[in-house]
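K.L.:
In case you want the letters, here they are:
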Amino acid sequence: MKCLLRGEGITIRLSDFHLDNVSMEIHEGDYCCILGETGAGKSVLLESFIGMYPRMKGRIFLRDRDITRLPPEKRELGIVYQDYMLFPHLNVFDNIAFGLRKKRLAREEIRGRVHSMAERLGISHILERDVQTLSGGEKQRTAISRALVARPQVLLMDEAFSALDATTREKMRSFIRDLVRELGTTVVHVTHDVDDVWALANKVVVMFDGKVLQAGPPEDVFARPLPGRVAKFLGACNVFSATVGHFSEGELTPLSAGKGAIGLLSTDKACPGESVIVSVRPESIILAPHPLDLSARNQVRGQILKTEKRGPMTWVHGKTEAGPMKAILTDSALEALELAPGSEAFFIFKANCLRILGRKAPVQKPGADGAKL
Amino acid sequence: MRTRIFRGSFASVTALFSAMLLWAVLSLIFMPRWDEVLQSALSDEMLYSIRLSLLTSLISVAIVMVLAVCIGYVLARFSFPGHHVLRTLVDLPMAFPELVLGLCLLLLFGHGVLSQWLKGLGINIVFSQAAIVIAQVFTAAPYAIRVSYATFRGINPRYELVARSLGYCEFSAFWHVTLPMAKGGLFAAMVISFARCMGCFGTVLILAGGTRMFTETLPITLYLNISYGNLAMAMTSGIILIAISLGAILVFELLNREVML
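Chains Y and F, in that order, are what the protein sequence lines are.
Quick note on the working numbering: the first sequence kicks off at 1 and runs consecutively.
Quick note on the working numbering: the second sequence kicks off at 1 and runs consecutively.
Accuracy of the hints is not assured; some may be wrong.
Said to hold, decoys possible - Each computed DSS-like pair below joins lysine-lysine, with the alpha-carbon atoms no more than 30 Å apart:
# : chain 1 : residue 1 : chain 2 : residue 2
1 : Y       : 103       : F       : 183
2 : Y       : 309       : Y       : 350
3 : Y       : 102       : F       : 183
4 : Y       : 350       : Y       : 319
5 : F       : 183       : Y       : 74
What the hints assert, rightly or not - One-sided excerpt, in silico: chain Y residues whose CB lies under 7 Å from chain F:
#  : residue
6  : 50
7  : 73
8  : 78
9  : 85
10 : 87
11 : 89
12 : 99
To be clear, the hints were calculated from the coordinates, so they are not data collected in a lab.
For every residue, glycine included, the Cβ atom is placed at its ideal position computed from N, Cα and C.
Please take these sequences and the hints and turn them into a complete structure.
P.N.:
Structure, rendered in structure tokens:
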């Protein structure tokens, strides 16, 4: 895939924040989510692509053409904001047609393109409506139509679903996923919601304090988040310190975890004697009141401390000699296993679910040079 | 009990002041005899004064609005060294008594480099009808600029960024997006400017002089006739001033409501 949008060493100093030497590449057809907490610099990075900060340092390329000093109208990028930014003095049709009018297209052509896009987005019936009377989902569809009908090279979305309620957000995700696949649109989507990443992205960039800390396909980033802030933000729990034991070529990596030096096995590789951080996702753990004869190589004895109901699932908190552990069970599974606080339980997981996140210290991060996708 | 005292005292102050204000306005309307008012309103002097006031105010409002849009936008959107100084500077005439502002303008246009240069071009501002417009512009502009600045500040600059991402240059984005979105605030600035221009007295008196049937706007008519002891003419010009200002506010409010709907 060709590199479509590339940022090199983007540095922006604002009064109370600065974006620090960020580099990243977006390839044609990518759906890239920029993930991070509020104030991480995600939106500033996105707006630097569109030209909001003409005094920034660094360079931005679109298909190898340097667009750093070009005004926003010459960049061929479209943007959709969380609060839609629909022009309140125009109706839905005129909002969508706004960019086409500037291209001086024939009236019939504008009409055709607007109707075709509106139909695709399911808003044909509201084209004559005042934008201030629309629901959040309708506003968002109008804003996306307005950006896409101008045929941008890259669509930038800034927290595009944050203002929507959970049901509409879920609908919009599925809708956007189908739409960008159908149109082949390249998207950069700023979000703080990991669900957006799982539902939409084939690439993810994790940012903190104006720096890119980690980037890659979502499966890799979620499976091996950098220890510390990234792991915490991505919801990594069951994180332990461990020491790598000796092993031969082709064998699983033996680990001695926690204060109890519990023996665990991982498919990830590390150097013998190294101190590492390991993690297993709670959804990868099976709970049982006694050891099971399964292919899962890790079976850790522990005690249930408490259970916590979250929607249709229950989080089970326990303590083991490796450290505190959490697992997720369905309500019916919990009932069938008769696991109550205080009872003994085995936390069972496969060797390929125990991921080595990194060396324990010093923590390394690729932020300064920019993590490249 | 405390709540009752609190509410009661605030309501009393409001009622007392409103009553005094209404009484003062009604005194002007009901004190003169209406045949005298009619006779004064149809006099040559009063008709001249009404025409001159309306003409100069309309010209001034047009100039003030151009200034208010430009300066208000610069202050709201651009960050530059001296931003605070510029804001204070354009607000300054609001803090001045009109007579002092008039004196400053008299010195600017009557003595010194600018006046010499204008005289070289054959233009004499002081004590001319053009001076009325200049006096009104300098008096009303700070109010309009303040309203326009607040209006532009209230419009998220990302609207313009979206417009620019759709192919519009900076000016086009301003023209097609920001300006239409600011229309409510700019209408308000226009109403305030018109009212200030119609009622502008001290600055006009100093810079344009109070020459009868030449630089005689409605406030000057009121002043001159009070000086001569012609109370009927003075009160008539007062009533007309109030009527025109109220009418303007009503028309602008109606237009504004229509535009906002």
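K.L.:
Against each hint, give a clear statement of whether it holds in the structure.
P.N.:
Verification of the supplied hints:
no.	hint	verdict
1	Y/103 x F/183	holds, 26 Å
2	Y/309 x Y/350	holds, 25 Å
3	Y/102 x F/183	holds, 22 Å
4	Y/350 x Y/319	holds, 19 Å
5	F/183 x Y/74	holds, 28 Å
6	50	holds, 6 Å
7	73	holds, 5 Å
8	78	holds, 6 Å
9	85	holds, 5 Å
10	87	holds, 6 Å
11	89	holds, 4 Å
12	99	holds, 3 Å
When each numbered hint is compared with the structure, no violation occurs for any of them.
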